[in-house]
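Fit chain X to the supplied structure of chain E, relying on the hints for placement.
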Amino acid sequence: MRFDEQQIGDIVGADNVSTTPETCMIYSKDVTSLPEVAHQIVSPRFDVITQPVDVLSLRNLILYALDNGIPIVPRGNGTSGWGGAIPTRGGICVALSGMSEILYFNEFESAVTVETGITWRDLLTFVERLGFTLPVYPSSATAATVGGFVASGGLGIGSTRHGDILKQVLGIEAVLPNGKIVRLGRLLLDSKNDELKEKVEEGNLWLSKQLSTAGLGTPEQETKLFTGTYGTLGIITKVTLKTIPKLYLLPFACSFDNMADLVKVANIIISKAKPYYLRFLTDNYTSKLDALNEYENESGKFILTGALLDTIYRNEDNVEIIKTATNEDNGAVLNDKRSRYYWNERFYPLRVKRHGPSIVPAEMLAPINMIPEILEKTKTELRNSKIAIEGMLSNDGTTSVMVWILDDERKKVSFTIGWHRSFKFASLAQRFGGLPYAVGLWNGRHARKYYGNDAYNDLKVMKKKLDPRNIMNPVKVFGGRVTIGRESMLIGFLIGFIGTLIAGWVIPRIPILVQLIQLLDSSLLQLLYFPYLVIVGLSVGLVGLLITRIMTLNQALAMGIPLLRILSKLKRK
Amino acid sequence: MTKLDFLERYGQEDEPYVCASCGNCTLVCPVFHELKWESYGPRGKLHVVKSILEGKSEFGKDFAHKIFLCNLCEHCTSVCTTGISLDRFWEVVRAEVRERGFLPAPAQFVLKSLKERGDIMWMGSADRLLWMEDIEEIVKGRILKKAKVAYFLGCNVSLKSQLHDVAKSMVKIMDYAGVDFTLLGDKEVCCGAPLGWAGNLKDINEMAEKNLEIIRELGVETIVFSCPSCILTWSEYSEYLKENQNIELLTASQFISRLIRERRLSFEEQPMITPTFHDPCISARVLKATEEPREIMDYIPGVYHVEMNPSRQNTRCCGSHGLLDVVDPILASKIAEVRLRDVTVTPATRIVTECPRCILAFDLAKFTTNYDILVQDITQLVASSLAPKDEGGAKDQ
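First to last, the sequence lines map onto chains E and X. As numbered in the numbering used here, the first sequence has no gaps in its residue numbers, which increase by one up to the final residue, 578. As numbered in the numbering used here, the second sequence has no gaps in its residue numbers, which increase by one up to the final residue, 468.
Chain E extracted, bound-state conformation (with noise of 0.2 Å):
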């Protein structure tokens, strides 16, 4: 790949670009330790970090990336675990955090607008100060940016009143794989300071158009072909996001025996008191947590936890139907204490790491009458490993089930190995009516199921018409071919080669062929036979070779995850 640094030098500024191979090797990770055989499909880092500062420049270096065939990929602070933001084929990293200000606050329109490198902990603490919180925010808000949870979707705090994510932007900005600068949805500006005014209008005319020959709608109706895509079709720059009025938070706490009343029990909380946040925590996530051994009473208990949101009168009465619903169902309401602990700890679920060191995650969204059967099916599927299980639950009756799977990468095999069982789950979670929880790199072959069958044919006639050279996070949401290492070339051209030696010595010994040798057998025949089988072999080889090239990552993972799968039966054995 061929890129000139001093030029994206020029482009973004000179002390915005690293091409070090540490800084590299960094950005090139997300909260997931890929094991090493991995890096046979995906390239395992960027050539290029780049941390523009404002919308032009990375305009700019998007049509640099343009017009020299470089893939170009958006990070926020690489905080998910999904693959969204790591390389596939190289390329620019394009780490956002360097554009993360607050641009516009109107607490009559309930909506605020910021660039979206900022975190949600900053924009947080800035709309909290005013009296304002916001309707979701993701666990990982203490490090997270906007642009990354608004890019990729989910449940977060707050889901449970409000629904994911993607229902509280308002509007976004977004700069296009042709280096236009769209705004769809209502993105909220001050229009006397908008520099960027002409440019938009004449990037939105276009998208218009695209729209319309599409067959979709207005600029103003289509932001979901931006949100939760992982900036495949544009880099978002600008999020307007709605706020809400901070009222009284009341973090509570339960504790349960078994699953089946937690379920029971966070059925009547969200009907009847409609909680801003509910989250579990199964008897094993409990028992390894570390703070808790001084409570006996909840190690290794099941834990209902979530804060109200409401006035001081509502929630006196909806605290009352948490208690009376809880003692009904043979649980323990948690003191005030305990509840505020539950409610901090809200940012920290990789608290139970530590029992690891490493970790292989797993999660899905299941629907809540699902979860106790899916919990206890895990349980019994992933009886030799150490896991520890958690979720969210959301307002419309679905729950985001966490499996961390405990292990230590410096064991590479058993690592490595080990990683089937996080396709393992989402398998078994689709058995009961379960979804990815996010697609990302991993997850592609999921799409057409996660974002419903013609919203994905929307997503995929856009892809081509605004990113027709797939430069865009290329791989991510849409599949395609897989950057392959060297080994696993090798061993394609080995397959081919050895398969056709063995077939060359099997085939004629079959009964009916050996008759047809017979026949026709001379000397010269058998003197010939071997080189021409060398030969032969060679070139099926090197077609094995060229398969493994042109392979995309679906069919690598379609051919993968069952190879895990043997080895780890083996492994057992």
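Calculated directly from the structure, the hints in this document are not laboratory data.
Beta-carbon label-pair distances, calculated as ranges: (1) X:455 / E:328: 53 to 61 Å; (2) X:416 / E:328: 42 to 50 Å; (3) X:129 / E:389: 33 to 41 Å; (4) X:416 / E:115: 21 to 29 Å; (5) E:253 / X:416: 26 to 34 Å; (6) E:253 / X:412: 32 to 40 Å; (7) E:250 / X:362: 26 to 34 Å; (8) X:440 / E:250: 35 to 43 Å; (9) X:434 / E:198: 37 to 45 Å; (10) E:253 / X:215: 57 to 65 Å; (11) X:329 / E:385: 54 to 62 Å.
With a straight-line cut-off of 27 Å between C-alpha atoms, the simulated DSS-like cross-links for lysine-lysine are: (12) X:121 / E:416; (13) X:121 / E:391; (14) X:281 / X:219; (15) X:127 / E:417.
Derived list of chain E stretches under chain X, where covered just means 3 residues or more per stretch with a C-beta under 8 Å from a C-beta of chain X: (16) 26–35; (17) 77–86; (18) 355–363; (19) 405–418.
We put the CB at the ideal spot given by N, CA and C, even for glycine.
Leaving out everything else, chain X in the frame of chain E:
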């Protein structure tokens, strides 16, 4: 795989793998805040350590230099999701930097000075008496006197003339309250903290012991410090203190607050002072001594303290801790300027703190930013607010 024995030696071999990569540490890191690249932040450095362990990166000079671009301010440790003691981890890595001969020249100087002179700035034991000028009457007979309370000044306060007033104020307060206290005078040596910062962990106990041996002989039960890092170092590295819990270590504000509660200090009305308290990293995040200084300020009539944001456990580092002020003074100064900017948005007319390094850092930042504000230690504020002596409190029996 590169063998990094030193991690195992200090029981730190799991830590790079325990890291959840959540990024909390990076976003609070003052060095990352200035330099903007993750390779300078804790998460990035842990990734590099992992990479070295896996034989994919080199433990070279560049990495060694980055390890020293750190304030050891405990902020990353305090927000770590998985509870990694990151500051201890960085000290262990600094020890390896030293072993490999990559120690930055200023850190080498500090180690040499500690070994040959017993302090961090190549002075000498005799210079530890200079601060007593003008208060000979109060300190007369106090040096190496048997007493229950000892005042441990630390290198900066005893040796830097601009900080001499901190020590003078502390002894004035003790004298006012009638505390029977002792001073180590020229027998005091560095507490040992800079040894850890410069990668010599094994000699810290020896350095602490040099002081503690004298302190024990004097029958001391309480040691009052002007520098929170001295307390942290002794609590972590002194074998004697780990085994014997009979000596309490207090910050100046913890001790003064106790004196106030015992009604041994009385103050006169001040002419409307509006200070803001800068929580030093170690006293706020490790010693958890955030309320005592505020209680003291609230107690002095006419003092109306205002809060900076961030404060208490979330306080921002002044930039001069962990040897950053000698390894990269410009970076350290920039970090101090950021903290000074937090002050500028408050109505405060002076900064009060309780760490000599913070005072030095802000004095420099005042100069580089041309922002004129009085910087004081809490002891200076207290000493200057005391009512005339005849109204003082009761004496120790």
